[in-house]
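Below, each chain spelled out in residue letters.
There are 2 protein chains.
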Amino acid sequence: MKPVKVGLCGLGTVGSGTFAVLSRNQSAISARAGVPIEIVHVGARRDNPACDLAGVKVSRDIFDVARDPEIDIVVELIGGTTTARELVSTAIANGKHVVTANKALIAEFGNELFAAAQAQGVSIAFEAAVAGGIPIIKALREGLAANQIEWLAGIINGTGNFILTEMRDKGRDFHDVLKEAQALGYAEADPTFDVEGIDAAHKLVILASLAFGMPLQFDKVFTEGISQIAPEDVNYAQELGYRIKHLGIARQTEAGIELRVHPTMIPAKRLIANVDGVMNAVLVKGDAVGPTLYYGAGAGAEPTASAVVADIVDVARTLSVSTSQRVAHLGFHALANPNPNILSMDEVETAYYLRLLAEDRPGVLAKIANILAEAHISVEALIQKEPINGAAEVPLILLTSRGRERQLMLAIDKIEALSEVHGGVTHIRVESLG
Amino acid sequence: MKPVKVGLCGLGTVGSGTFAVLSRNQSAISARAGVPIEIVHVGARRDNPACDLAGVKVSRDIFDVARDPEIDIVVELIGGTTTARELVSTAIANGKHVVTANKALIAEFGNELFAAAQAQGVSIAFEAAVAGGIPIIKALREGLAANQIEWLAGIINGTGNFILTEMRDKGRDFHDVLKEAQALGYAEADPTFDVEGIDAAHKLVILASLAFGMPLQFDKVFTEGISQIAPEDVNYAQELGYRIKHLGIARQTEAGIELRVHPTMIPAKRLIANVDGVMNAVLVKGDAVGPTLYYGAGAGAEPTASAVVADIVDVARTLSVSTSQRVAHLGFHALANPNPNILSMDEVETAYYLRLLAEDRPGVLAKIANILAEAHISVEALIQKEPINGAAEVPLILLTSRGRERQLMLAIDKIEALSEVHGGVTHIRVESLG
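For the protein sequence lines, the chains are A and B, in the order given.
Residue numbering for the first sequence follows the working numbering, starting at 151 and increasing by one per position.
Residue numbering for the second sequence follows the working numbering, starting at 151 and increasing by one per position.
Chain A on its own, in the form it takes in the complex (with noise of 0.2 Å):
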């Protein structure tokens, strides 16, 4: 089949990511697309060592790469909003589909750029334009499209959430805070874009639009900063029963849309409340639905990637496949896995939480241990409560490393046969998830 061509314009933080994912899961984004995809024509001003570039055509114009006719998919990850529009502007006039993680251009310019694309017959993809790897906006154009929404509520800015998780955590003075994001990379030396909320202005602008069908209006957005906001107010606001996140909020009232960017006191029993350090998330409220969220890293090298491949192979499914199939039935048209190999429960890995019922004397705790070490399993924690009444037998909770399924339930058999140890153990695996 046809490979779909791609022209990659810009090699700094999002571009050499989107490299490197396209390269290393070439064969799983292939089944999945159901057409080979393939970088044909990177344009940068310089390479980037990151990236070999080997058998690929460089071109240190990326005007380059937009009038290239072998090529499907222009994807803009340069940045700005002066040269990427006429870039992207170039490559529509040239029948290119794009792909883009430009939220300003977006927010600002997007109007424009899809009425030029809908004249061209091409599609401008943005999914990593709002909430970077999160596929926010796939689930407001089609995994929502049977709802009215009524209202939305993110966390779009990681920079800004980071700072407010650190002062809440750390007791931590803004200012303070963000020398130190500044330090770790997560904030530009000029952080008026994330800690103002322009960043978050531009992006709720697009989810607001998707969510209302209406046009993008960037300059009718409230916005207000975290700048203001003093470590006493965290602490107050800890000890009412809220959390202060930095949010953008669209609604949808009688009276009209509120579009609004700003420092917001939420319930800290919410899921989003519990949102932090540089993750982002999105809560949409739908009339059929009710609300649903959804979180994940919202910047970085693969996770924008991650964004841009998702809205390539989108592209290249709907150009290459048969309608009727445009997304195999499992995911992927030809299985990547047709025979896996599926795991029995005794070859499983986990870390357990054991309960159990021993005589309150010396050496039976050792006894465990050792029944334990001999399975290779080690106690992480331990809880030994005070005998109750005056019994001779007090419950003893463990939790152990990581061992295989079999060997600890064969531990188990021995510890229940122990003398010392009266009834059964108790088992419950634990995860990180981490």
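Read the hints as simulated data drawn from the structure, not as lab findings.
One thing to keep in mind: the hints can contain errors.
If several chains are the same, the list does not tell them apart, and a pair holds so long as it fits within one copy or across any two.
What the hints assert, rightly or not - Below, computed lysine-lysine pairings styled on DSBU-like, alpha-carbon distance capped at 35 Å: (1) 535 / 320; (2) 535 / 517; (3) 517 / 419; (4) 207 / 152; (5) 155 / 435; (6) 419 / 320; (7) 435 / 419; (8) 207 / 155; (9) 564 / 370; (10) 435 / 320; (11) 564 / 419; (12) 329 / 152; (13) 435 / 152; (14) 155 / 564; (15) 370 / 419; (16) 564 / 517; (17) 535 / 329; (18) 535 / 419; (19) 435 / 207; (20) 370 / 329; (21) 564 / 535; (22) 320 / 207; (23) 419 / 329; (24) 152 / 320.
Based on these hints, arrange chain B on the given structure of chain A.
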């Protein structure tokens, strides 16, 4: 444009929910699909008084729907695996696309049904089969298409999660909560499918096949229920910093693939550990994107209908719209809201957190409350701190009722003008996001 014609089989909970959502949101759904979507034929053993079937052909024999030459898409919402399997096979043989919410059917007979659909050039869509309204199947097949999925873990049975949440929150016993869940309609009279993990195993098999590109293998899942979880285990888990959740876990390891459903202890700080009540969530770890989480209602008439209708829109988009414009840039082919009224911040209503320094003497609080009352804003909570080092002024923290931003700002001006108030009034907007 020629409408896409839908035949709906089954008018139970999900069937009548689907009918309601398609009727209520018809114009927005058609604008998203780019083509009108109409239910033209309903198959059900009896009418459902909740559905106004005027103008819709009704058959008592659902197979009449599957054979109706007018119909493009057959929606199977009858449940079970015997008649449903025959119905879907008949629909496929008659060249219909199929949308189903039937997890057992897909998990147990998906391989044969997908092969039949492939041969006929039609598609079977099953977003509603896993985690109700959460678009997790779309996320795995499309949104995360760039990734090698390393593992996934899901709370994919709401009944089980409700029981475990009640056990933790209220220290109740399994059997006691189960009875309540049955009374509330969350659990069936025979709760085996839910509490022994069979329902979760059906869903896990589907997710795992999408993640790893492998055939559906229901008989390979290890399944352990939650009926053995004792209240003391719930407490000890909490003491150790963990929570117990009934998880479906699929993981690709060097030795093979793990497929297992069992009670699992996970660190309390993980987002998924905080998914409570009947809600579902799926945590997916991709090699490029890292961890992403998808949260929402996993069951219920309209949440499930949300997924059923999204699948109908998906098929309709593929059937009727030029391939390059399968999904409109902003999701709607004709913008639902071309000239929206975006509210100015002055017009927005929220609640507020206020912090100020006031002299520590009688009457000050009354003056402040009066100013707020004139602005139709009341005080919902108050923290008044002791004066620091015998200072004459004390921090005063107020949580207000919802009020209009402009009124609140005027009230703040008046509060700041009080001689007893020193310095400015800090305000942070409060949203319940409930």
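Evaluated hints:
1. Both within a single protomer and between protomers do residue 535 and residue 320 lie at most 35 Å apart by alpha-carbon distance, with minima of 33 Å and 22 Å respectively.
2. For the homomeric pair residue 535 and residue 517, the shortest alpha-carbon distance inside one copy (18 Å) is at most 35 Å, but the shortest distance between copies (55 Å) is not.
3. In this assembly of identical chains, residue 517 and residue 419 lie within 35 Å of each other by CA distance solely across copies; the values are 33 Å between and 43 Å within a copy.
4. When the C-alpha separation of residue 207 and residue 152 is checked against a cutoff of 35 Å, the pair qualifies only within one copy, where the shortest distance is 19 Å, while the shortest distance between copies is 45 Å.
5. In this homomeric assembly, residue 155 and residue 435 come within 35 Å of each other (Cα to Cα) only across copies, at 28 Å, whereas the closest approach inside a single copy is 38 Å.
6. Taking CA atoms no more than 35 Å apart as the test, residue 419 paired with residue 320 passes in both settings, with 20 Å inside one copy and 16 Å between copies.
7. Within a single copy, residue 435 and residue 419 get their C-alpha atoms as close as 17 Å, and across copies as close as 25 Å, so both meet the 35 Å cut-off.
8. Only within a single protomer do residue 207 and residue 155 lie at most 35 Å apart by alpha-carbon distance; the minimum there is 12 Å, versus 48 Å between protomers.
9. Proximity of residue 564 to residue 370 under the C-alpha cut-off of 35 Å is restricted to the inter-copy arrangement: shortest distance 28 Å between copies versus 70 Å within a copy.
10. Taking the closest pair of Cα atoms, residue 435 and residue 320 come within 35 Å of each other both inside a single copy (32 Å) and across two copies (28 Å).
11. For the homomeric pair residue 564 and residue 419, the shortest alpha-carbon distance between copies (34 Å) is at most 35 Å, but the shortest distance inside one copy (43 Å) is not.
12. Taking the shortest Cα distances, residue 329 and residue 152 never come within 35 Å of each other, neither inside one copy (50 Å) nor across copies (59 Å).
13. Only between protomers do residue 435 and residue 152 lie at most 35 Å apart by alpha-carbon distance; the minimum there is 31 Å, versus 42 Å within a single protomer.
14. For the identical chains of this complex, residue 155 and residue 564 are neighbours neither inside a copy (62 Å) nor across copies (64 Å), given an alpha-carbon limit of 35 Å.
15. Proximity of residue 370 to residue 419 under the C-alpha cut-off of 35 Å is restricted to the intra-copy arrangement: shortest distance 31 Å within a copy versus 37 Å between copies.
16. When the C-alpha separation of residue 564 and residue 517 is checked against a cutoff of 35 Å, the pair qualifies only within one copy, where the shortest distance is 10 Å, while the shortest distance between copies is 73 Å.
17. Taking the closest pair of Cα atoms, residue 535 and residue 329 come within 35 Å of each other only across two copies (31 Å); inside a single copy the shortest separation is 46 Å, beyond that limit.
18. Within a single copy, residue 535 and residue 419 get their C-alpha atoms as close as 31 Å, and across copies as close as 25 Å, so both meet the 35 Å cut-off.
19. Taking the shortest alpha-carbon separations for residue 435 and residue 207, only the inter-copy value of 34 Å comes in at or below 35 Å, while the best intra-copy value is 46 Å.
20. In this homomeric assembly, residue 370 and residue 329 come within 35 Å of each other (Cα to Cα) only inside a single copy, at 31 Å, whereas the closest approach across copies is 52 Å.
21. Taking the closest pair of Cα atoms, residue 564 and residue 535 come within 35 Å of each other only inside a single copy of the chain (22 Å); across copies the shortest separation is 59 Å, beyond that limit.
22. Within a single copy, residue 320 and residue 207 get their C-alpha atoms no closer than 50 Å, and across copies no closer than 65 Å, so neither meets the 35 Å cut-off.
23. Both within a single protomer and between protomers do residue 419 and residue 329 lie at most 35 Å apart by alpha-carbon distance, with minima of 30 Å and 26 Å respectively.
24. In this homomeric assembly, residue 152 and residue 320 never come within 35 Å of each other (Cα to Cα): the closest approach is 56 Å inside a single copy and 61 Å across copies.
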